[in-house]
Every structure is written in C-alpha cells, then in structure tokens.
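K.L.:
Sequence:
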Amino acid sequence: MTNKLNKKPDPNKIVIVIQQILQERTLAEKIKVTICGASNKTV
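Residues in the sequence shown are numbered from 1 upward in steps of one, following the UniProt record's numbering.
For the record, the hints were derived by calculation from the structure and aren't laboratory data. We put the beta carbon where it would ideally sit given N, CA and C, even for glycine. One or more of the hints may lead you astray.
Label-pair ranges, simulated between beta-carbon atoms [said to hold, decoys possible]: (1) Lys8 with Glu29: 42 to 48 Å; (2) Ser39 with Lys8: 45 to 51 Å; (3) Lys7 with Ser39: 48 to 54 Å.
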C-alpha cells in the first residue's frame, strides 16, 4: 500500500488536470470575448 503512495503521480492524471485547466481558460477567454463584443455593440 505504501509503495503505491510513494510512486510518482500518474502521467495520465496530470494530462487530464492540464486539459481541465486549459478548458477553463478557453471558457474564460470566450466569455471575455462575448462580453467585449456585447459592450462594443452597445457602444
């Protein structure tokens, strides 16, 4: 049991975490773009 805990993190899990972070960033960028686009149209 202790050997499993001492092993390095699973690379696949790291990739999944990175993908989730990238998805969150792209979502944030899309939201920013839509907000900027909406504000530009109203102005």
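K.L.:
Please write out, lowest number first, the hints stated earlier that are contradicted by the structure.
P.N.:
1
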